[in-house]
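Taken in order, these protein sequences are the chains called A and B.
Quick note, the first sequence lines up with residues 3 to 307 if you use this note's numbering.
Quick note, the second sequence lines up with residues 111 to 468 if you use this note's numbering.
Calculated directly from the structure, the hints in this document are not laboratory data.
Please read these numbers as outputs of a predicted model, since none were measured by experiment.
C-beta atoms are modelled at their ideal positions from N, C-alpha and C, and glycine is treated no differently.
A few of these clues could be false.
As the list claims (entries may be wrong) - Incomplete in silico selection of chain A near chain B, CB under 10 Å:
1. S8
2. L14
3. K121
4. P123
5. L164
6. V217
7. L261
8. A266
To be verified - Here chain B is said to cover these stretches of chain A; the calculated rule only asks that three of the stretch's residues, wherever they fall, bring their Cβ under 8 Å from a Cβ of chain B:
9. 221-232
10. 272-286
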Amino acid sequence: MMDLSSINPILLVASLMVAATPILLAAIGELVVERSGVLNLGVEGMMITGAVCGFVVAVNSGSPWLGFIGAAVGGALLSLVFGVLTQFFLSNQVATGLALTLFGLGLSALIGQGYIGIKAPAFPDWDIPILGDIPIIGPIVFQHDPMVYVGLLIVAGVWAFLTYSRAGLILRAVGENHEAAHALGYHVMRVRMLAIMFGGACAGLGGAYLSLVRVPQWTEGMTAGAGWIALAIVVFASWRPWRLLLGAYLFGGVTVLQLNLQAAGAAIAVEYLSMAPYLATIAVLVIMRAGRAPGSLGQSFHASR
Amino acid sequence: MTIKTFLTGATLAAGLATGAAAQDDPTTVGFVYVGPVGDGGWTYEHNQGRLAVEEHFGDAVETVFVESVPEGADAVRVMTQMALQGADLIFTTSFGYMDQTIEVASQFPDVKFEHATGYKRADNVSTYSARFYEGRAVQGHIAGQMTESNIIGYIASYPIPEVIRGINAAYLHAAEVNPDVEFRIVWAYTWFDPAKEAEAANVLIEQGADVILQHTDSTAPQAAAQAAGDVVTFGQASDMYEFAPFPRVSSIIDDWAPYYIDRVQAVIDGTWESTDTWDGIGPGMVAIGEITDAVPAEIKASAEDMIERLRTGEYHAFTGPINRQDGSVWLAEGETADDGTLLGMDFYVEGIDAEIPQ
Chain A
3 MMDLSSINPI
13 LLVASLMVAA
23 TPILLAAIGE
33 LVVERSGVLN
43 LGVEGMMITG
53 AVCGFVVAVN
63 SGSPWLGFIG
73 AAVGGALLSL
83 VFGVLTQFFL
93 SNQVATGLAL
103 TLFGLGLSAL
113 IGQGYIGIKA
123 PAFPDWDIPI
133 LGDIPIIGPI
143 VFQHDPMVYV
153 GLLIVAGVWA
163 FLTYSRAGLI
173 LRAVGENHEA
183 AHALGYHVMR
193 VRMLAIMFGG
203 ACAGLGGAYL
213 SLVRVPQWTE
223 GMTAGAGWIA
233 LAIVVFASWR
243 PWRLLLGAYL
253 FGGVTVLQLN
263 LQAAGAAIAV
273 EYLSMAPYLA
283 TIAVLVIMRA
293 GRAPGSLGQS
303 FHASR
Chain B
111 MTIKTFLTGA
121 TLAAGLATGA
131 AAQDDPTTVG
141 FVYVGPVGDG
151 GWTYEHNQGR
161 LAVEEHFGDA
171 VETVFVESVP
181 EGADAVRVMT
191 QMALQGADLI
201 FTTSFGYMDQ
211 TIEVASQFPD
221 VKFEHATGYK
231 RADNVSTYSA
241 RFYEGRAVQG
251 HIAGQMTESN
261 IIGYIASYPI
271 PEVIRGINAA
281 YLHAAEVNPD
291 VEFRIVWAYT
301 WFDPAKEAEA
311 ANVLIEQGAD
321 VILQHTDSTA
331 PQAAAQAAGD
341 VVTFGQASDM
351 YEFAPFPRVS
361 SIIDDWAPYY
371 IDRVQAVIDG
381 TWESTDTWDG
391 IGPGMVAIGE
401 ITDAVPAEIK
411 ASAEDMIERL
421 RTGEYHAFTG
431 PINRQDGSVW
441 LAEGETADDG
451 TLLGMDFYVE
461 GIDAEIPQ
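Please construct the entire structure, taking both the sequences and the accompanying hints into account.
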C-alpha cells in the first residue's frame with residue numbers, strides 16, 4: 003500500500019524550490035506595488051505576457067537569459083498600461099487590474115500563435131562547485147537553475163530596500179499616506195509608476211520561469227491561475243518579504259508533497275491532499291499574521307484633492 | 111476567467127444585434143471549449159473538427175466558439191448567449207458541462223445540443239463520446255513491455271468513469287504482458303494546467319516511473335519526460351508528434367471531424383434526432399498515432415495486431431476473466447463488458463493498488 007520510502011526527501015525539498023519560484027517572483031513584485039499603495043490585480047495577465055514574451059525572445063535569440071530580460075520588459079510594458087490608466091487617468095484600480103488580466107491573456111494568445119509545440123532553448127542547472135558537492139544540502143540548495151537564486155536575491159533586495167534605504171522609506175510613506183507624502187514634497191505618481199513597472203517586470207519573470215524552465219514550452223493560458231495565488235500570498239504574508247518567501251515555499255512545498263504522497267499511495271483521501279497547499283499556506287500565514295495593509299492601498303491620488 | 115467569459119458573452123450579444131437580419135441564411139454552429147484552442151490536446155482536436163465543418167460546408171455554415179469556458183455557471187451564460195445569437199446547433203465539449211447543457215437546452219427547445227462524454231440526454235440533447243479505452247488498451251500493451259522499472263505513472267484528471275475506464279484498460283493490458291507492473295496514479299484535478307502536469311510527471315519520474323500515461327490535455331508531461339531522458343510517453347487527445355520518436359512513442363488521437371460534419375448535415379436536412387454515439391477505433395473516432403521506431407519491432411507488431419482486432423470488433427478491450435479490485439468476479443472467461451457498466455465505471459480492476467477518490 004503506502005510506500006513512503008519511494009519519496010526521496012532530498013528531491014522533494016529541491017523540487018519545492020523550483021515549484022515555488024514562479025509564484026515567488028510574481029508575488030515579490032506585487033508586494034512592492036502594494037507597499038506603494040497600488041492594488042494591481044493584473045498579475046495573472048502580466049505573468050502570461052511575460053511567459054510568452056520570454057518564450058518568443060528565447061526561441062528567436064537562442065538565449066534563455068535574453069528571454070528572461072524580454073519577459074521582464076514585456077511584463078513592465080503591460081503594467082505601464084495599468085499605471086497610466088490608474089495614475090494619470092485615475093481609473094478604478096480593481097477594474098483596471100482585472101481588465102489587465104483579460105487583456106494579457108488575449109494578447110499572449112495572439113503573440114504566441116506560431117510558437118505552440120516549439121521547444122525552448124535549454125536552461126541548464128548550475129552545478130555550483132564545492133557547495134554543490136556538500137552531501138544532502140548540496141543537491142537541495144546549490145544545484146538549481148540560476149533563476150531560483152535570482153528570485154531569492156530579489157526577495158532579499160526588496161527587503162533591504164524597504165527596510166534600510168531612503169527610497170524604500172519614501173515608497174512606504176507613499177503607500178501609507180499619499181497626502182502626507184505629497185505634502186512632504188515627494189512625487190507620489192513617479193514613485194507609484196516605478197513600483198508598478200517593477201511589479202510588472204517581476205510578474206513577467208515569474209511567467210517566463212514557467213514557459214522557459216518549469217514546463218518548458220508555450221501553451222495558451224499556461225499560468226492557469228498562478229497570478230491569483232501570488233496575489234493571495236502577498237496579503238497573507240502581511241506585505242512582508244520574508245513571510246512572502248515562507249508562504250511561497252510552503253505553497254510550493256505542500257503542492258509537491260501532496261503529489262508525492264499520491265504517487266506513493268498514501269492512505270489519505272486525494273481531495274484533502276489536493277486542498278492541502280491552499281489550507282496549509284493560509285493557516286500558517288494567518289496564524290503568523292502581524293501587519294496590516296498599507297494605508298492608501300487601492301486609493302487613487304490626485305494632488306488637487 | 112469569469113469576466114473574460116462575461117465579456118465574450120457581451121461580444122456575442124453585440125453580434126446578435128447585427129446578425130439578426132441574416133438569420134435564416136447560414137446554419138450557425140456553436141462550440142464551447144474547456145481549454146484554449148492552442149492546448150495541443152483535447153480542445154485543439156475539437157477545434158480541428160470545427161475547422162473541418164467550416165471547410166466542408168463553406169458559406170452554408172457559420173461557426174462560433176468560446177474557449178477556456180469554466181465548467182459551471184459560466185458555461186450556462188456562454189451557451190445561453192450562443193443560443194440567443196441564433197445558433198442552430200451547439201457542441202459542448204467537456205464532461206463538466208453536462209448539467210449546464212441540459213439546463214440551457216430546456217430553455218431553447220428549438221436549438222440542438224450535443225454534449226461530449228456525458229450521459230444525460232433530452233429531445234434536443236444528444237451525447238457523443240469516443241471509446242478512448244480502446245486506445246488505452248494499446249498504450250497499456252506497449253507500456254507494459256517498455257517499462258524496465260515496472261512502474262508506470264498515470265496522471266489522471268478527475269475521478270469520473272471515463273478516466274477510471276482508461277486506467278483500468280491500460281492496467282489490464284499492461285499486466286497481461288508484464289505481471290510485475292505497478293501503476294502509480296496521481297489525480298491532478300484539472301484538465302489543463304501545464305505547470306501542475308509537469309510537476310506531477312516529475313514526481314512520478316522521481317518515484318521511479320519510466321513510462322508516463324496522461325489523461326490531462328497539455329504537452330507538459332511530454333516535455334518533462336524528454337528532460338528526464340529515458341521516460342516513455344504517449345500523446346493524449348492529439349498526436350503530440352513534436353515529441354516523437356521519443357519520449358512520445360505513440361498516441362491516442364480524437365478525430366471528431368466526421369461526426370461533426372454528419373451532425374451538422376443532419377441539422378441542415380432536418381433529420382437531426384437525439385442520439386447517443388459512442389464510437390471507437392472501428393468507425394475512426396479514435397485513432398492511434400504512429401508507433402515510432404523507439405518501440406522494438408515485435409512489440410510494435412503485436413500492438414498493431416491488437417489495433418486491428420479492436421478495429422474489426424474481433425476483440426473487446428474488456429474481455430473476461432476480469433475481477434474487480436476487491437477480488438469479486440466482474441467478467442467471466444470470454445465475457446465482454448456491457449456499455450452500461452463501462453459508462454458508469456466506478457471501480458478499479460484487480461491488481462491496481464490504489465483507491466479512487468470519492
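Any of the earlier hints contradicted here, and which numbers?
4, 5
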